[in-house]
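Trainee: Now for the letters of each chain:
There are 2 protein chains.
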Amino acid sequence: MDRIVECVPNISEGRDLEKLEKILDVFRGKRDVKLLDYSSDEDHNRTVVTLVGEPEAVKSVMIEAIGKAVELIDLNKHEGQHPRMGAVDVVPFIPIRNVTVEEADRLAKEVAAEASRLYGLPFFLYEKSASAPHRENLANIRKGQFEGMAEKMKDGMWKPDFGPETIHPTAGVTAIGARMPLVAYNVNLATNNLDIANAIAKNVRHINGGFRHVKALGIELEDRGIVQVSMNLTDYTKSSIYRVFETIKMEAQRYGVAIVGSEIVGLVPLQAIVDTADYYLRLENFNFDQVLETRL
Amino acid sequence: MDRIVECVPNISEGRDLEKLEKILDVFRGKRDVKLLDYSSDEDHNRTVVTLVGEPEAVKSVMIEAIGKAVELIDLNKHEGQHPRMGAVDVVPFIPIRNVTVEEADRLAKEVAAEASRLYGLPFFLYEKSASAPHRENLANIRKGQFEGMAEKMKDGMWKPDFGPETIHPTAGVTAIGARMPLVAYNVNLATNNLDIANAIAKNVRHINGGFRHVKALGIELEDRGIVQVSMNLTDYTKSSIYRVFETIKMEAQRYGVAIVGSEIVGLVPLQAIVDTADYYLRLENFNFDQVLETRL
Numbered sequence: 001m002d003r004i005v006e007c008v009p010n011i012s013e014g015r016d017l018e019k020l021e022k023i024l025d026v027f028r029g030k031r032d033v034k035l036l037d038y039s040s041d042e043d044h045n046r047t048v049v050t051l052v053g054e055p056e057a058v059k060s061v062m063i064e065a066i067g068k069a070v071e072l073i074d075l076n077k078h079e080g081q082h083p084r085m086g087a088v089d090v091v092p093f094i095p096i097r098n099v100t101v102e103e104a105d106r107l108a109k110e111v112a113a114e115a116s117r118l119y120g121l122p123f124f125l126y127e128k129s130a131s132a133p134h135r136e137n138l139a140n141i142r143k144g145q146f147e148g149m150a151e152k153m154k155d156g157m158w159k160p161d162f163g164p165e166t167i168h169p170t171a172g173v174t175a176i177g178a179r180m181p182l183v184a185y186n187v188n189l190a191t192n193n194l195d196i197a198n199a200i201a202k203n204v205r206h207i208n209g210g211f212r213h214v215k216a217l218g219i220e221l222e223d224r225g226i227v228q229v230s231m232n233l234t235d236y237t238k239s240s241i242y243r244v245f246e247t248i249k250m251e252a253q254r255y256g257v258a259i260v261g262s263e264i265v266g267l268v269p270l271q272a273i274v275d276t277a278d279y280y281l282r283l284e285n286f287n288f289d290q291v292l293e294t295r296l
Numbered sequence: 001m002d003r004i005v006e007c008v009p010n011i012s013e014g015r016d017l018e019k020l021e022k023i024l025d026v027f028r029g030k031r032d033v034k035l036l037d038y039s040s041d042e043d044h045n046r047t048v049v050t051l052v053g054e055p056e057a058v059k060s061v062m063i064e065a066i067g068k069a070v071e072l073i074d075l076n077k078h079e080g081q082h083p084r085m086g087a088v089d090v091v092p093f094i095p096i097r098n099v100t101v102e103e104a105d106r107l108a109k110e111v112a113a114e115a116s117r118l119y120g121l122p123f124f125l126y127e128k129s130a131s132a133p134h135r136e137n138l139a140n141i142r143k144g145q146f147e148g149m150a151e152k153m154k155d156g157m158w159k160p161d162f163g164p165e166t167i168h169p170t171a172g173v174t175a176i177g178a179r180m181p182l183v184a185y186n187v188n189l190a191t192n193n194l195d196i197a198n199a200i201a202k203n204v205r206h207i208n209g210g211f212r213h214v215k216a217l218g219i220e221l222e223d224r225g226i227v228q229v230s231m232n233l234t235d236y237t238k239s240s241i242y243r244v245f246e247t248i249k250m251e252a253q254r255y256g257v258a259i260v261g262s263e264i265v266g267l268v269p270l271q272a273i274v275d276t277a278d279y280y281l282r283l284e285n286f287n288f289d290q291v292l293e294t295r296l
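First to last, the sequence lines map onto chains A and B.
Number 296 marks the last residue of the first sequence (our numbering); no jumps.
Number 296 marks the last residue of the second sequence (our numbering); no jumps.
Hints in this document: simulated from the structure, not taken from any laboratory.
The structure displayed is predicted, hence computed values, not measured ones.
Ideal Cβ placement from N, Cα and C applies to all residues, glycine included.
Keep in mind that the hints are not guaranteed to be accurate.
Claimed, not checked - Distance ranges between label pairs, derived from CB positions:
no., chain 1, residue 1, chain 2, residue 2, range
1, A, E18, B, E246, 55 to 61 Å
2, B, A113, A, K19, 51 to 57 Å
3, A, G266, B, E42, 45 to 51 Å
4, A, A258, B, G209, 28 to 34 Å
5, A, R224, B, L217, 43 to 49 Å
6, A, N232, B, R106, 40 to 46 Å
7, A, S39, B, R3, 21 to 27 Å
8, B, E246, A, G225, 28 to 34 Å
9, A, N232, B, E42, 53 to 59 Å
Required output: the full structure, derived from the provided sequences and hints.
Mentor: Next comes the structure, spelled out in structure tokens:
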């Protein structure tokens, strides 16, 4: 697979494993699609599925899976701690390899167009696909949840982007769109002074004038007696790991504080690691297809 | 596939594509084995095959492929510019992911044991698998080639490690063993003074007291008006890319010469790239399974 998109549908069923399996089965044994992971939470009554694959293959399997979820899940009977508005609550498309965010956006819109037509399900576009700024944030869209959504959608501000103008009677409404992969990245400082971590967090985060795609805050690692600048990089292609690291190192110097180390929590796209090696080694013309494991 | 070994058999047939296809077919459509690449050279009359896969699967496909090559290739009729001694000339096993060089060595020995038994073909162990220092280097083993090998093997120094004590009448003798992946790595210097590149090459290469797994020489890049320290890293896990880069940078400083950039030629194992990011970002507890693309 030369072109890979990731899709992480959140499904509003985390208890009835028989139903869940029928939905998961849609993802299995499909050509050019791999079910990478799924994780159910009974309290949340929700399952987060991770699949990767060739864009057209992911599109077609997602249309099928939405149909299966609409058929099996009745939100009128759904209880759980996690806010939700649809049988398939949210469907993000994430570019991974040789796919642009524009293509992921197109994919999201094609799935919404086709699934709304087939199943009479309304869709809101969110994140990079949002049709208006107030719709970028999922929490804004979902506010009111399944129970309040029919009323909310009467407001022109909340007319769906695809499908009928009110909720599906049992499957509610789904948010869909393109987003970049998140990188959870932390830098550990050789001090126990939380003020320093917070001051540096402010230097690098967007909200206080820092990098466009960085969210940051200072936290204490009590067992280690140090503090940490804890971050989410929401677009590592534009706010690079190494640039954030070097900036934190530079800011820490003014306090005479050294960097103990840094950590990447969870998954990170290969491109982010290659970008780092590329910068420090000043690589010329390096292409990540040269990395042996991407060809396996 | 959690565990991956690479195997790069060199087959003494680069002209008769019909024969070659019959051998390549052995690698195709096998579970847990991927034929990554093959490259034939008519002048050399030789084909270099690259396959990767789960160790036991690679072992079994290699035993089968050796059998097919022994059946089809007659070295008495073989002409070509490249030195060769066997229908399957050399079979290196290269650890790629979650496989140690010791396991690759064991694999090489198991293939040699089984293939010698099945086909009456003698094997020399070479590189990391060599049974004596004078057998580590493939060129030493192959000296005399197919035509001289029967005579050479009468000498106790050249008794094969597996199989009959003389050559197979049509398929000759095969070298087999474990080796680390090679990384071709060059660092470009902001000077046109070749003496400086050569002096630095001496500082870093093993033969002159440098890093154990570095071969290096200075070369001119005439079109760019600069010079380069051109290297092979024969074990990037022990002589790391970043350590070699930083040492060259340090040595260049004494001449007041800056580093223009560096380049990786061809494929590089993911681990080498991760090691680089790991060093510069001072990553704590980073595992390359966290790299998204290795899970696809």
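Trainee: Each hint should be assessed against the structure and marked as holding or not.
Mentor: Now the hints, each set against the structure:
no., hint, in the structure
1, A/E18 <-> B/E246: 55 to 61 Å, "58 Å, holds"
2, B/A113 <-> A/K19: 51 to 57 Å, "53 Å, holds"
3, A/G266 <-> B/E42: 45 to 51 Å, "50 Å, holds"
4, A/A258 <-> B/G209: 28 to 34 Å, "33 Å, holds"
5, A/R224 <-> B/L217: 43 to 49 Å, "46 Å, holds"
6, A/N232 <-> B/R106: 40 to 46 Å, "44 Å, holds"
7, A/S39 <-> B/R3: 21 to 27 Å, "25 Å, holds"
8, B/E246 <-> A/G225: 28 to 34 Å, "30 Å, holds"
9, A/N232 <-> B/E42: 53 to 59 Å, "55 Å, holds"
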